[in-house]
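J.: Below are the chains, spelled out letter by letter.
Number of protein chains: 2
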Amino acid sequence: MNIVLLSGGSGKRLWPLSNEVRSKQFLKLLCDKEGKHESMVQRVYRQITDAGIHARIVVATSASQVEAIRGQLPKDVDIVVEPERRNTFPAIVLAASYLASRKKIDLEETVIVLPVDPYVDVAYFECFRKMDEEVQKGTADMVLMGITPSYPSEKYGYILQGEQGVVTGFKEKPDEETAARLIQEGALWNAGVFAFRLNYLMEIADQYVQNRDFDDITKHYGDLKKDSFDYEVVEKTKSLAVVPYSGEWKDIGTWNTLTEEMEEESVGYAVTGEDCENTHVINELSIPVVALGTKNIVVAASPDGILVSDKHKSSYIKPYVENITGRPMYEERRWGEYKVYDYIQYKDGTKSLTKHITVHAGMAQDYQLHHYKDEVITVVNGSGEFVIDGCLMKLSYGDTICIRRGQKHTMRAIEDLQMICVQIGEEISEEDVEVYEWRW
Amino acid sequence: MNIVLLSGGSGKRLWPLSNEVRSKQFLKLLCDKEGKHESMVQRVYRQITDAGIHARIVVATSASQVEAIRGQLPKDVDIVVEPERRNTFPAIVLAASYLASRKKIDLEETVIVLPVDPYVDVAYFECFRKMDEEVQKGTADMVLMGITPSYPSEKYGYILQGEQGVVTGFKEKPDEETAARLIQEGALWNAGVFAFRLNYLMEIADQYVQNRDFDDITKHYGDLKKDSFDYEVVEKTKSLAVVPYSGEWKDIGTWNTLTEEMEEESVGYAVTGEDCENTHVINELSIPVVALGTKNIVVAASPDGILVSDKHKSSYIKPYVENITGRPMYEERRWGEYKVYDYIQYKDGTKSLTKHITVHAGMAQDYQLHHYKDEVITVVNGSGEFVIDGCLMKLSYGDTICIRRGQKHTMRAIEDLQMICVQIGEEISEEDVEVYEWRW
Numbered sequence: 001m002n003i004v005l006l007s008g009g010s011g012k013r014l015w016p017l018s019n020e021v022r023s024k025q026f027l028k029l030l031c032d033k034e035g036k037h038e039s040m041v042q043r044v045y046r047q048i049t050d051a052g053i054h055a056r057i058v059v060a061t062s063a064s065q066v067e068a069i070r071g072q073l074p075k076d077v078d079i080v081v082e083p084e085r086r087n088t089f090p091a092i093v094l095a096a097s098y099l100a101s102r103k104k105i106d107l108e109e110t111v112i113v114l115p116v117d118p119y120v121d122v123a124y125f126e127c128f129r130k131m132d133e134e135v136q137k138g139t140a141d142m143v144l145m146g147i148t149p150s151y152p153s154e155k156y157g158y159i160l161q162g163e164q165g166v167v168t169g170f171k172e173k174p175d176e177e178t179a180a181r182l183i184q185e186g187a188l189w190n191a192g193v194f195a196f197r198l199n200y201l202m203e204i205a206d207q208y209v210q211n212r213d214f215d216d217i218t219k220h221y222g223d224l225k226k227d228s229f230d231y232e233v234v235e236k237t238k239s240l241a242v243v244p245y246s247g248e249w250k251d252i253g254t255w256n257t258l259t260e261e262m263e264e265e266s267v268g269y270a271v272t273g274e275d276c277e278n279t280h281v282i283n284e285l286s287i288p289v290v291a292l293g294t295k296n297i298v299v300a301a302s303p304d305g306i307l308v309s310d311k312h313k314s315s316y317i318k319p320y321v322e323n324i325t326g327r328p329m330y331e332e333r334r335w336g337e338y339k340v341y342d343y344i345q346y347k348d349g350t351k352s353l354t355k356h357i358t359v360h361a362g363m364a365q366d367y368q369l370h371h372y373k374d375e376v377i378t379v380v381n382g383s384g385e386f387v388i389d390g391c392l393m394k395l396s397y398g399d400t401i402c403i404r405r406g407q408k409h410t411m412r413a414i415e416d417l418q419m420i421c422v423q424i425g426e427e428i429s430e431e432d433v434e435v436y437e438w439r440w
Numbered sequence: 001m002n003i004v005l006l007s008g009g010s011g012k013r014l015w016p017l018s019n020e021v022r023s024k025q026f027l028k029l030l031c032d033k034e035g036k037h038e039s040m041v042q043r044v045y046r047q048i049t050d051a052g053i054h055a056r057i058v059v060a061t062s063a064s065q066v067e068a069i070r071g072q073l074p075k076d077v078d079i080v081v082e083p084e085r086r087n088t089f090p091a092i093v094l095a096a097s098y099l100a101s102r103k104k105i106d107l108e109e110t111v112i113v114l115p116v117d118p119y120v121d122v123a124y125f126e127c128f129r130k131m132d133e134e135v136q137k138g139t140a141d142m143v144l145m146g147i148t149p150s151y152p153s154e155k156y157g158y159i160l161q162g163e164q165g166v167v168t169g170f171k172e173k174p175d176e177e178t179a180a181r182l183i184q185e186g187a188l189w190n191a192g193v194f195a196f197r198l199n200y201l202m203e204i205a206d207q208y209v210q211n212r213d214f215d216d217i218t219k220h221y222g223d224l225k226k227d228s229f230d231y232e233v234v235e236k237t238k239s240l241a242v243v244p245y246s247g248e249w250k251d252i253g254t255w256n257t258l259t260e261e262m263e264e265e266s267v268g269y270a271v272t273g274e275d276c277e278n279t280h281v282i283n284e285l286s287i288p289v290v291a292l293g294t295k296n297i298v299v300a301a302s303p304d305g306i307l308v309s310d311k312h313k314s315s316y317i318k319p320y321v322e323n324i325t326g327r328p329m330y331e332e333r334r335w336g337e338y339k340v341y342d343y344i345q346y347k348d349g350t351k352s353l354t355k356h357i358t359v360h361a362g363m364a365q366d367y368q369l370h371h372y373k374d375e376v377i378t379v380v381n382g383s384g385e386f387v388i389d390g391c392l393m394k395l396s397y398g399d400t401i402c403i404r405r406g407q408k409h410t411m412r413a414i415e416d417l418q419m420i421c422v423q424i425g426e427e428i429s430e431e432d433v434e435v436y437e438w439r440w
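So the sequence lines, in the order shown, correspond to chains W and D.
The first sequence: position 335 = 335 (my numbering), numbered continuously.
The second sequence: position 273 = 273 (my numbering), numbered continuously.
Read the hints as simulated data drawn from the structure, not as lab findings.
Some hints here could point you the wrong way.
[Said to hold, decoys possible] For lysine to any residue, the following SDA-like pairs were computed, each having C-alpha atoms within a straight-line distance of at most 20 Å:
(1) D/K351 to W/D416
(2) D/K347 to W/G398
(3) W/K12 to W/G398
(4) W/K347 to D/I414
(5) D/K394 to D/G362
(6) W/K351 to D/T400
(7) D/K238 to D/V166
(8) D/K295 to D/N323
(9) W/K36 to W/E260
(10) W/K351 to D/V267
(11) W/K347 to D/K347
[Said to hold, decoys possible] Listed next, the stretches of chain W that the computed footprint assigns to chain D, with coverage defined by at least 3 CB atoms under 8 Å from CB atoms of chain D:
(12) 116-123
(13) 135-148
(14) 198-209
(15) 377-386
Everything numeric in this text was worked out from a predicted model, so none of it was measured.
Built from N, CA and C at the ideal position, the CB exists for glycine as well.
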């Protein structure tokens, strides 16, 4: 079995913890069985293992999420990077072609596609076995997962089913009355989980791109129709079956729904008065958050900002934060992470940015240069090696290095390397970087 | 007329904005007539001027507040520093001896003593003229200000008066019934404002210290009884009069009372949803605070921490923040200010601290050395001069200087000088400083 996880959308609904580079699925606010924090992505990966499913896992995502996924999932998970954002149909075709041409998967094998962030029971993944079985038995060209509805929701899509799990149609966002009738007739919610033989999709892809080769599809990605997989594939498939799942199934994409699933009332440095009611504090800063006498409130603090919101109102956050521009203040990278302390723009047009950087032991940054900024780096903990314009030197506690614009540089951590980096220049951005090759 | 302002107490009731070195009276949260922010100290100083009073002003305080007062009040205000904290009687004697022996004030002149942070109308200060008149006429040895009570409070002291403003007694914190009766009999609240001839107090001081000289009293400060001025002087004075004041008079020492007097709903970078009610945001950080759907809430954020509190509950803050130890993260100094970005303690026992420092144009730091920490300073804006172990050099945008422990150093700003300072060492504290003399 092959699993394709769709890791999409940079959203601001969990601002200030989610931003352009850190989507909600990477926030470590949930707890695993040992009480260790885990993100939604990590939870899904763990649950697949817990369900006893041995599958090849591919994550389809955009370039901006690669470093975060690399940092959170094991190395044997493959990542397929969309050359541009083009909706789910092109993304799934790209992942399928990766399995077919790069991984040389037997075209008869089952592929199961799902979003990377459903909040579900392990039983959800156990359901995958049944879906695989149906695909391999040839019950249908495509097998969907259907969630047993708990109320006549107006915001979901409904899968209508006939005898023995045969799908007879779809109904998108019906009114409440219609929804109630559909449920009585056995309709299920569409969870966006699809199972099919690899070959089935590759044949559809043939209509758009001449060659099924991964490199070819990457190159001609723009030729694939910018549409959803539901519309472009599922609804056009004649032979469809559905497998029901009746456990927990939730989108925890707002502070209101997310805090309901948190095991702790606070994460990070927080002090809450005993007169607080239904108050959650999520604090990623190193300074304390003190909450007194608050009711139904979520407080979330990160280097990007501080949110104090009534829980129900928290789902209406978007318009208030979309005008808060500014660079991301925290990023997880392949090699470690950085946290911006402050970014200042001066009247004379110059700018400065101060950040704390951690490079994990054994990891190295890219060999790079900047055109518009100088950097002063002070090692505050750990040790490593540093290269500037081809010269290698040791790096340890107390060392300060000045890197002028135009100088190529990289560093590698021996022990976890913590540094304070002061950048100054007329233009300070993460995009001001030119990468070169360096062999350690 | 001479005015002694008592600037006391480092309190945590306005945490996280007030801390050990920044008392509530220095927070610039009020507005002057032009809408410019001012602190309680600055407001009192401005109101004295607005009342048309030309007086010599002395602030009696502890060493920890000197830099903040210097930064907020004009240079012609004298500061008398208590050698140790010993309650109001010794502090007022010290200030009086300063006026007598250092300023050579005529001993017949009036001294008016008051707390530095009452929230009052200008009329309060106009009342000083009448108090001065009564003192000079010889109506009584001591003239008090009495606040016209607005309700039978149980938490104030009452001044009982007979005919023509003669004080007949005091009643400390009566029950409500007694308070109501006292008010009917013409009693007034004791505002802690006292007027007397300089000589009157100096004669009392003679009982404790042989010499009235300021240096002598400073040296023998421990011999002065550690007691309040009310108890040690006022209550023992036989001839007392009172002058009434009936305008606004408030202690704005809690978030609840302070926000009532703020003209703006938010100070600093704040976004509040239109569904917020009675919500105040005070943000001293450079990242945004977003408040949505909150009611009767105060949010205060500073480099020391973040408070989210129901307004009424905010007066019970003390026990929740007194265990939050840690160094002050923001300080105003004589030469400028600093803001700590982060203070990290590592497993191997080393520590690092990163701060942003501003030295105002024309100002210079002390010539100093540290025993336990090294510093790396990067100039991010402005220009100045720097001295290290006796060598003078220019300092400008982009310069980085490394100061090892044991090296004497100082700097002076030509234009406002902004720097990022990274400190590393086994022990990082503001107390690790040895000051030397340097002549620019």
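J.: Against each hint, give a clear statement of whether it holds in the structure.
T.: Hint-by-hint comparison with the structure:
1. D/K351 to W/D416: 15 Å, holds
2. D/K347 to W/G398: Given pair D/K347, W/G398 holds - Cα atoms ~16 Å apart, limit 20 Å.
3. W/K12 to W/G398: Distance ~38 Å between W/K12 and W/G398 Cα, so the pair is violated.
4. W/K347 to D/I414: The given pair, whose Cα atoms are some 16 Å apart, holds under the 20 Å limit.
5. D/K394 to D/G362: Holds, at about 14 Å.
6. W/K351 to D/T400: 16 Å, holds
7. D/K238 to D/V166: Given that 20 Å is the threshold and the Cα spacing comes to 10 Å, the pair holds.
8. D/K295 to D/N323: 28 Å, violated
9. W/K36 to W/E260: The given pair, whose Cα atoms are some 18 Å apart, holds under the 20 Å limit.
10. W/K351 to D/V267: Roughly 24 Å separates the two Cα atoms, so the pair is violated.
11. W/K347 to D/K347: At roughly 41 Å apart (the allowed maximum being 20 Å), D/K347 and W/K347 break the hint.
12. 116-123: The restraint on the segment 116-123 of chain W is violated, since only 0 of its residues have a Cβ under 8 Å from chain D and three are required.
13. 135-148: Violated, because only 0 residues of the segment 135-148 of chain W bring their Cβ atoms closer than 8 Å to Cβ atoms of chain D.
14. 198-209: violated (count 0)
15. 377-386: It holds, with 3 qualifying residues against the three required.
Taken one by one, the earlier hints fail for this structure at numbers 3, 8, 10, 11, 12, 13 and 14, listed in ascending order.
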